[in-house]
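K.L.:
If you're matching them up, the sequences are chains S, P and C in order.
For reference, each letter of the first sequence is one residue, going 1 to 425 in UniProt numbering.
For reference, each letter of the second sequence is one residue, going 1 to 425 in UniProt numbering.
For reference, each letter of the third sequence is one residue, going 1 to 425 in UniProt numbering.
Derived from the structure by calculation, the hints contain no laboratory data.
Honestly, I wouldn't trust all of these hints.
Copies of the same chain look alike in the list, so a pair counts if it works inside one copy or between any two.
Claimed, not checked - Distance condition first, Cα-Cα at most 35 Å in a straight line; then the derived DSBU-like pairs of lysine-lysine: (1) K98 - K343; (2) K343 - K35; (3) K343 - K186; (4) K312 - K35; (5) K312 - K380; (6) K188 - K380; (7) K186 - K380; (8) K186 - K35; (9) K186 - K312.
Remember, it's a predicted structure, so these values are computed and weren't measured experimentally.
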Amino acid sequence: MSSALDTNMRFKFSILALLLEVIIIVLFGIFVEYKNSVATLYPFFQDVQVMIFIGFGFLMTFLKKYGFSSVGINMLIAAFGLQWGTLMQGFWHMERGKICVDIRRMINADFSTATALISFGAVLGKTSPVQMLILTILEITIFACNEHLVTEILQATDVGASMTIHVFGAYFGLAVTLVLYRPGLKNKHENEESTYHSDIFAMIGTLFLWIFWPSFNSANVPEQTDRIRAVVNTYYSLAACTVVTFALSSLLDQRGKFSIILIQNATLAGGVAIGTCADLSIHPFAAMCIGSIAGIISVLGFHFLTPLLASKLNIHDTCGVHNLHGLPGILGGITGIVVAAIKEEVRQDDSFTPGMQAAALGSSLGIALAGGALTGGILKLPFLGQASDQNCFDDSVYWEVPEKEKTHEIHSNNHDEHTRFEATM
Amino acid sequence: MSSALDTNMRFKFSILALLLEVIIIVLFGIFVEYKNSVATLYPFFQDVQVMIFIGFGFLMTFLKKYGFSSVGINMLIAAFGLQWGTLMQGFWHMERGKICVDIRRMINADFSTATALISFGAVLGKTSPVQMLILTILEITIFACNEHLVTEILQATDVGASMTIHVFGAYFGLAVTLVLYRPGLKNKHENEESTYHSDIFAMIGTLFLWIFWPSFNSANVPEQTDRIRAVVNTYYSLAACTVVTFALSSLLDQRGKFSIILIQNATLAGGVAIGTCADLSIHPFAAMCIGSIAGIISVLGFHFLTPLLASKLNIHDTCGVHNLHGLPGILGGITGIVVAAIKEEVRQDDSFTPGMQAAALGSSLGIALAGGALTGGILKLPFLGQASDQNCFDDSVYWEVPEKEKTHEIHSNNHDEHTRFEATM
Amino acid sequence: MSSALDTNMRFKFSILALLLEVIIIVLFGIFVEYKNSVATLYPFFQDVQVMIFIGFGFLMTFLKKYGFSSVGINMLIAAFGLQWGTLMQGFWHMERGKICVDIRRMINADFSTATALISFGAVLGKTSPVQMLILTILEITIFACNEHLVTEILQATDVGASMTIHVFGAYFGLAVTLVLYRPGLKNKHENEESTYHSDIFAMIGTLFLWIFWPSFNSANVPEQTDRIRAVVNTYYSLAACTVVTFALSSLLDQRGKFSIILIQNATLAGGVAIGTCADLSIHPFAAMCIGSIAGIISVLGFHFLTPLLASKLNIHDTCGVHNLHGLPGILGGITGIVVAAIKEEVRQDDSFTPGMQAAALGSSLGIALAGGALTGGILKLPFLGQASDQNCFDDSVYWEVPEKEKTHEIHSNNHDEHTRFEATM
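Chain S with its partners taken away, still in its complex shape (with noise of 0.2 Å):
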């Protein structure tokens, strides 16, 4: 069969898409109302959407040929996820059987998004749309059920999701991608690289995250004193990161050169691993302590980790979503069960024990790799839409790109590698 007639998912796609589209309109009809609530968490909502479609999208568009999908399949995840994400956890917090939706239950369901966003970054420029809208569904409707799991049941501390969402989004990811390991793609594929100004574009995504992150990691925060103790901690935090990722990505280059890849990813790292403690009384220099151990990690993660994971494991990880959110993740699962252990009056509650923040650990890594390796042997069905191995990080397998590109990548055809390089600026 021709790889055309593989990737050709007009029928595919568009009926999955209507079909799920009209289903939750229905369910949205039996189960969601209003709920009447204040404007208090309004910025903070803003603030997280710009990172769901901003932040992520555009951290995602350093492939030279590959921004559409990234900025746009992201949209795509983002728009439908967050109306599943609305009835997955609202399925968990009925009241008198009805979901009742206020800014608060938006801010979750945009953060139900993320761990598909994540998730997407370890298979991106390998997997198609359709792939796409079944991994969402399945990662999402695991998700909540984890969640649930660990602040319901556990009862765990996680305010910023360092386990709920980075670790479960990124071993999710990570799962689903070595189940749909490509021999092919072993080597270097010629697309999987940056340009100049896909790096630039890159940024964006990158500074909109780190503006924004105290926002994430504050969101959930129920008491205000608390909120801004998680703004002030994942601030610094953050801070702290950058610096150490700056000096880490010198020491690491023979001629002292920074990459840019690490200034894209790494300087994030810190607001990861400071979420499960975000709004405890940790101490500012404590946050400034857990950002620079993440940022450290992350940058060793990606330049050390990630070819070996690619060439001893076969997890082939495009956005080294393990270095940004798996590996800082832990950290912050971690820091959480140390301070659940050795500084009791950081929160009165009962239930912040090191056992159940392990536990929630646990869980959060534990379901994330068998859900993941599920799904991913469902993305494995042959009918998906998946791409050649010789068509991956390419966007005009699934987009229609500008014409004047197309022409000129026709006529370039005997003048030089470069010429295609070109097409793609």
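Position chains P and C relative to chain S; hints supplied.
P.N.:
Showing chains P and C alone in chain S's frame:
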């Protein structure tokens, strides 16, 4: 007369702009005063600011050679228009002979510029900055009258301005572009195309509009519970619209490929269409139905109607504002009529009747068409610096464009020094 | 010694950065504590964050080969500076031996970094990251002293920091760039140019600065009514400034064409100039006059003064910070003196006198020039990794730049039809 002479607006533009600014400052001196007010609406104001300056500006950067004008003239229209709008809307709401400015008035000043920016989308690439200043003055003046008619005299509901801004701005622009019709642009202009990166720039506009649309639709809602409801309805309407747009975009393409133009524009139709009824208890699932229908209408408009309007009716709509603002705005207006007819309990107000809603829609449409035709007639005056057909959609007529690129275009048939420049793109 | 050796900052940069981070964390451990506070200022804080990281960062991306440094080193300076600024400003405001951090302190920490970012604009492309770290430490330290002098000792009015941030940052940077003067850059460097897309990236910075400037000028106003007034004045000042800038930009060009450099920069002068008096009842029309004059001064500065400073005084100001921050800041300071002299009713405070305002302006200017000269002297030390003249304005000295582009540069010596396409990018 040479085209260079025609488009040199050195004295025309600068004298007109300075004169207008002097007049505005004098009028501010006579009429405008501060009003004590609270900061509740400040975050909504800032969200609207982002939509006006970044959202509208970047949405139009998709043209490969018209980015400076898109984002620059957008800024000019907005900065000029918000001053003029403060006066025009203010004259209808004087308090003891004074226009009292607070955050609400500034939000409405921003809103008034949105009409001119929507119309700018219809004529994009075909008008001079002088023409755009004149259009802005006339359109905002007429808009303020229609808005007064709709909200004060007819007392119609239109909280998110589906009719007063979107229908008005779109049909005003379409009337202008019809009157300014150029047979020479009948065939697709070689500059009327995007490049890969210009399309990604445009997505910055799309996403910020998408993210902050709930603020746009709720900023003018007086009561807080209703304001949150407007946020909820807009959020879910946009989400449903986005999924449907992706589905139809794939369905309408033979190879099942997504169109970036549709993703840039039709995904926003849900925000427009929910505008009129955003604050009413129509139920979230109804908001999603409205969003879905808006997506369908907008995609079909881009796919079938825009080429037809251009070829049969001589209406060349550069950005497709008819599909993003016009048709979804009419849908919003019709929704208002239907809701007024069938759901009496949603608003106790006696004034919320199908008749008044229909009158508001008719008035917005009719006044826009008449006002646009009149404005188009004035803009047709030969000395306003319009570019020749050949130079349409090209920044270099009204902007200094980076030297290297021009040099490059001329010199570049035979190597070397330009390569460094290309490498940095 | 080869240039490769000179600019390899592998150990210099990383050890300095890590050492500074450790010192800062220790100082935080000793001196910093949380302060209970309310979230009223949180939206203002987030707006300022966007200005610092996105606004300043992207504004400087106009150089064709210096985008990574503009946005990356901007991030480094800001992340490092906000920690250092917390300490330096905090030492002047200790409560029982502790620096108590809340949203207001974080806003001020962000503000303190703005001075270093403005100075970065003056030396952009000519300094190493090591030099920038040292500059940041020195400048923020001196800034905190001058700010204490101006606001606490002189008790001058400067709510939007026209003097303490804009005048200070600009003249500090100019003094540094004068001391670091390189005769080899006398003639325009071939890298000191923009490309079409780099200019559009810069507009992202401009627009976010423009949009959120009202938050910058009002964040430090203690009373809410005054805060809204600062927002109103800044909004209209910027709007008037923008229209005037467009008018003059066209007027000063023989062909009447707009200059994107002026639109990127001079449109913001209105925000700078209104800073000192932003919260006073000066009347909106006066704000618009100040904005208009700021636009005129800034445009004339770019057009006539910058080339003169470079050729006659050996002051090479890469971004033209003198025109965006220096001159409009002085205008702001003078406005403060005039308002204090003629309008006694605007502030009851006895301390608001022309003399004190003049002393504040003189102090900001004098301390900046002296501090900048001193800093420049230190930065001149030969082992700080400064690039050779030839390698100025080029990311590849301090950054790994995408491989393909370098390859491309080598291969692309002899083809044709693709060049036009590239030229339009």
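K.L.:
Each hint: holds or not?
P.N.:
A quick look at each hint next to the structure:
1. K98 - K343: Between copies only: 22 Å across chains, 39 Å inside a chain, cut-off 35 Å.
2. K343 - K35: between (38 Å within a copy, 20 Å between copies)
3. K343 - K186: neither (47 Å within a copy, 61 Å between copies)
4. K312 - K35: Close neither inside one copy (51 Å) nor across copies (49 Å); limit 35 Å.
5. K312 - K380: within (21 Å within a copy, 48 Å between copies)
6. K188 - K380: within (22 Å within a copy, 43 Å between copies)
7. K186 - K380: within (18 Å within a copy, 48 Å between copies)
8. K186 - K35: neither (51 Å within a copy, 52 Å between copies)
9. K186 - K312: Within. Shortest intra-copy distance 10 Å satisfies the 35 Å Cα cut-off; inter-copy 54 Å does not.
Hints 3, 4 and 8 from the earlier list are contradicted by this structure; the remaining hints agree with it.
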